[in-house]
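So the protein lines, in turn, are chains B and Z. Note that my numbering gives residue 407 to position 344 of the first sequence, counting from 1, and the numbers run on in steps of one. Note that my numbering gives residue 438 to position 375 of the second sequence, counting from 1, and the numbers run on in steps of one.
Everything labelled a hint here was simulated from the structure, so no lab data went into it. Incorrect hints may have been included.
To be verified - Computed footprint of chain B on chain Z, listed as stretches where at least three residues anywhere in the stretch have a Cβ under 8 Å from a Cβ of chain B:
1) 87 to 94
2) 102 to 112
3) 231 to 241
4) 244 to 251
Beta carbons: idealized from backbone N, C-alpha and C, even for Gly.
Number of protein chains: 2
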Amino acid sequence: MNTLVNRIAQGRGDEIADKVLRGGTILDLITGELIAGDVAICGDTIVGVFDDYEAREVIDVSGTILVPGFIDTHLHIESSLVTPFEFDRCVTPRGVTTAICDPHEIANVIGSAGIHYFQNASEHTLMDIKVQLSSCVPSTHMETAGASLSASDLAPLRGHASGLGLAEFMNYPGVIHRDPECMAKLALFENGHIDGHCPLLSGRDLNAYIAAGIRTEHEATSAPEALEKLRKGMRVLIREGSVSKDLHALQPLLNERTSPYMCLCTDDRNPLDIGEYGHLDHMIRELIRLGTPPIAAYRAASLSAAEAFGLKDRGMIAPGKRADIVAIDSLEGCHAHLVMAAGTVVNDTSFAQRRLVDPVGRHSVQAPKVQASDFRTRANRAETDVIGIREGQILTDHLHENIAIEDGDKRPDISRDLVRISVVERHGKNGNIATGFVKGFGLKAGAIASTVCHDHHNIACVGVNYADMAVAANRLGEIEGGFVVVQDGKILAELALPVAGLMSLLSFEEVRDHLLDLRAAARQLGVTLEEPFLQLAFLALPVIPALKITDRGMVDVHKFEIIS
Amino acid sequence: MNTLVNRIAQGRGDEIADKVLRGGTILDLITGELIAGDVAICGDTIVGVFDDYEAREVIDVSGTILVPGFIDTHLHIESSLVTPFEFDRCVTPRGVTTAICDPHEIANVIGSAGIHYFQNASEHTLMDIKVQLSSCVPSTHMETAGASLSASDLAPLRGHASGLGLAEFMNYPGVIHRDPECMAKLALFENGHIDGHCPLLSGRDLNAYIAAGIRTEHEATSAPEALEKLRKGMRVLIREGSVSKDLHALQPLLNERTSPYMCLCTDDRNPLDIGEYGHLDHMIRELIRLGTPPIAAYRAASLSAAEAFGLKDRGMIAPGKRADIVAIDSLEGCHAHLVMAAGTVVNDTSFAQRRLVDPVGRHSVQAPKVQASDFRTRANRAETDVIGIREGQILTDHLHENIAIEDGDKRPDISRDLVRISVVERHGKNGNIATGFVKGFGLKAGAIASTVCHDHHNIACVGVNYADMAVAANRLGEIEGGFVVVQDGKILAELALPVAGLMSLLSFEEVRDHLLDLRAAARQLGVTLEEPFLQLAFLALPVIPALKITDRGMVDVHKFEIIS
Chain B
64 MNTLVNRIAQ GRGDEIADKV LRGGTILDLI TGELIAGDVA ICGDTIVGVF DDYEAREVID
124 VSGTILVPGF IDTHLHIESS LVTPFEFDRC VTPRGVTTAI CDPHEIANVI GSAGIHYFQN
184 ASEHTLMDIK VQLSSCVPST HMETAGASLS ASDLAPLRGH ASGLGLAEFM NYPGVIHRDP
244 ECMAKLALFE NGHIDGHCPL LSGRDLNAYI AAGIRTEHEA TSAPEALEKL RKGMRVLIRE
304 GSVSKDLHAL QPLLNERTSP YMCLCTDDRN PLDIGEYGHL DHMIRELIRL GTPPIAAYRA
364 ASLSAAEAFG LKDRGMIAPG KRADIVAIDS LEGCHAHLVM AAGTVVNDTS FAQRRLVDPV
424 GRHSVQAPKV QASDFRTRAN RAETDVIGIR EGQILTDHLH ENIAIEDGDK RPDISRDLVR
484 ISVVERHGKN GNIATGFVKG FGLKAGAIAS TVCHDHHNIA CVGVNYADMA VAANRLGEIE
544 GGFVVVQDGK ILAELALPVA GLMSLLSFEE VRDHLLDLRA AARQLGVTLE EPFLQLAFLA
604 LPVIPALKIT DRGMVDVHKF EIIS
Chain Z
64 MNTLVNRIAQ GRGDEIADKV LRGGTILDLI TGELIAGDVA ICGDTIVGVF DDYEAREVID
124 VSGTILVPGF IDTHLHIESS LVTPFEFDRC VTPRGVTTAI CDPHEIANVI GSAGIHYFQN
184 ASEHTLMDIK VQLSSCVPST HMETAGASLS ASDLAPLRGH ASGLGLAEFM NYPGVIHRDP
244 ECMAKLALFE NGHIDGHCPL LSGRDLNAYI AAGIRTEHEA TSAPEALEKL RKGMRVLIRE
304 GSVSKDLHAL QPLLNERTSP YMCLCTDDRN PLDIGEYGHL DHMIRELIRL GTPPIAAYRA
364 ASLSAAEAFG LKDRGMIAPG KRADIVAIDS LEGCHAHLVM AAGTVVNDTS FAQRRLVDPV
424 GRHSVQAPKV QASDFRTRAN RAETDVIGIR EGQILTDHLH ENIAIEDGDK RPDISRDLVR
484 ISVVERHGKN GNIATGFVKG FGLKAGAIAS TVCHDHHNIA CVGVNYADMA VAANRLGEIE
544 GGFVVVQDGK ILAELALPVA GLMSLLSFEE VRDHLLDLRA AARQLGVTLE EPFLQLAFLA
604 LPVIPALKIT DRGMVDVHKF EIIS
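Here chain B stands alone, though its shape is the one from the complex (with noise of 0.2 Å):
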């Protein structure tokens, strides 16, 4: 109560402010206009615009124009490939001050124990981490995970001051066929945010989604797909990972009538994209260029998606709002030149006095030993279903092509860039070992491996030579799981993820040269994907249309079923 006399006071003038920014303009995204004044902050509220004020601390924010603190509506914070303290470090200078996660990634590995971590980590970074909890963990019956979450599960998770409902129900097929385990989910959080994640669905099978109570979604990937969810008053959440780039698509969708409805996200961006070419920044300026009004872009970035996600208490630089405040440049270029995040200048030192919390999911990679036979596909007919990489997209096209039966094996066949892909299982359950054929790498020699392999996070694997890939796939149990590129028998590059096989010790700016090495290995082997490491990780993901494989087998995702 004392903070609510604080505020009034301070508001009115009759208190000094504890900080006020001057000097600057600050975007009014209800009316559209630039309206220079000071803004007066009490503790981590605004409580005064466009008037003067004293304040004990006063902060020059001469010649630039003040937005809101910019909003992820969905991301996976373990795609980042480092800690959400690293992630805190690495984003929130770029002015994105709250970030709706969902940890379903650390969750399929350890469970709620993943989900712990992250809910502690919140209480400590800078940015706001708003905590989703998983609602498919795992994402299908198809794959062997770490854990699963029921809705008895789940439940106790509530209550968290980070909470915010539901997250992805990426389990489409089972909320429109009513499946009682999805059933029980949806009604545990009737009263809460249910968020989205139906690629492709539309007519009736998107009406019966929508009224499950689902709100908002972030897997449309062209304009029409995103205007029938617009239409039946779903929120559509633009995304912009690192794979999945769908803001080219989306842009001429976002306008003045449609911006209080849309929103921006990143799900899956890794450090080097987000050091290359920036985070929600990137996408405002994308848009622009595109010829989105400034005011639509902005608006989809901050207020927008507070009122999506029914934040009431940030997205405008208003009074009674979060003093969440970033300084740019200009409209156009949106670089921060400083961000405050709940009243708190975000810099170097603001990071260094964070508590942090100790990492969880160490030891976490409990893979069988492999060997280069475990690599040979069994079969007995030459029509080959195989996977169509679609460059930029976590969809993927299924394929059929005709591979000859070599001595009781399917081989690679680098002339027509069929390559092997396999998932060996990791979590020390069964030992599956999944083979199949994808096409689009572009791999002449070698193997590369991962742990980050959606959502099961086995170990997935792509490789023209068996040897390469046993070897591949051996490294990265002696180094806790991450990323590696082998050659006759040599690592050419790897990195270490040692947070569940997910998250790198590292900070932010060494993973990125880390990856750099990665990618560079990986181009040595002829790989012609900008971004092969991610773009193999959710070739095993069996809730994004069309054919993918876990280590249970290849997946027909349509049919939902495991063909192979």
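Place chain Z on chain B using the hints.
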């Protein structure tokens, strides 16, 4: 959970829908498109749109446009002068399917029992009545009300299904000056919605008021006032009541850009105006006639209202939303051919099937018997504070007139339209009688009196003849409150309001007839105001500038002081 399963199954078309609206064209409030197609309904919820559905009951809405049910974002149902059930019958057929009410009129007379009455009634009306808890009973310390509600009185009233936070915080001086009781109430609803009321507040005072966590406001009477509130993140509710009519002043602000952040409300509207012009339907027609784009008008009437108050379950014709649907002739006409409220078709049959709740607050008028001499004005100087009426507004002017003292009294002067105004305490507490002057009625003879007298609801009386004033005031004691017009000792017209002295037991049609008689009688006395009774009622409300009168005397609202 069965409901959830049914909703999904019916949305998908796996089960036959409960109802379908067939042949209409939906106005999509996100994209602005008009899209033909069925609307499938399961129970109280829309489960399918833009598709073909089979249903147990097919309702033909050919040739109509379907828009979401309208949401009145702020009103006192008591001002309709009928019970909530009659209000429902009067207004729901016009398309208003949600009414966010503040029961502070009845609460000023009988306290928590009045709020319970509205909460109970809300369970049985066709429209969804949301009952906010009254923040300011009494509105200030400068009046005698029948009851008072402290923070500890409000606490146990929370938790009812109709709850929607704290109602208009009228004591804005108490907020910005940090009155402890105001702080306690704000703290109690810190995580919920707090509605505002701050006429003419601006600059740092407005910043302080908003910083207190108050997010919506309906007292802006000019475009610049509304613009400042919008810029500062307040949702502006455009009001068109029977007295305060702000639509014409604020209409220029409502456009496609601002429409997601503006709403409509009626505050206080009597059944005469509802019958003659309409309710929110009238506002929509007027807005469009004045040039507001239809999408902006319909958003303000539904989707933006739902968003502003966190009603995520309504505001669009889309899957998962309440089946609140209005089939209208045209966007410009906005005449409802059919109204559906939570899946029930609104008609005589469904009204007849409601379970009514017995009215409360009978025999509440406990005023002393008064005589002519009680209306004399004691004063010792000619300079006189006079309330200047602004027709069509509840704001008044603070005038200064010289009025000669004759025989120890200052007498009404009809040549200058200076007539006596008095407030007589009627809750049986102290028998206070205050007297003063008002200009603007045009009264030439007799007296009019009312127990609708905001918000304390004492007896307000204006007259040029003290004996007639006494007859009028005493008559109100006999009929349990209401309105009365007296000339030469005779009752020319009256309407009894036995429910707390505020609401009739008659049908809204009968009340309308009485009001016509009362208006005609008032005109016969010379009254030139279109709506003399509600205009009179607001002269007693000391939270609206500039000069008002309560049972304790004339109040300078800017100074927040009793001045005579």
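Hint check results:
1. 87 to 94: Held - the region 87 to 94 of chain Z has 3 residues with a Cβ nearer than 8 Å to chain B, which meets the minimum of three.
2. 102 to 112: As far as the region 102 to 112 of chain Z goes, the hint holds, because 7 residues have Cβ atoms under 8 Å from chain B.
3. 231 to 241: Since 3 is at least three, the answer is holds.
4. 244 to 251: Contact hint for the region 244 to 251 of chain Z vs chain B: holds, 4 residues under 8 Å.
When the structure is compared with the earlier hints, no violation turns up for any of them.
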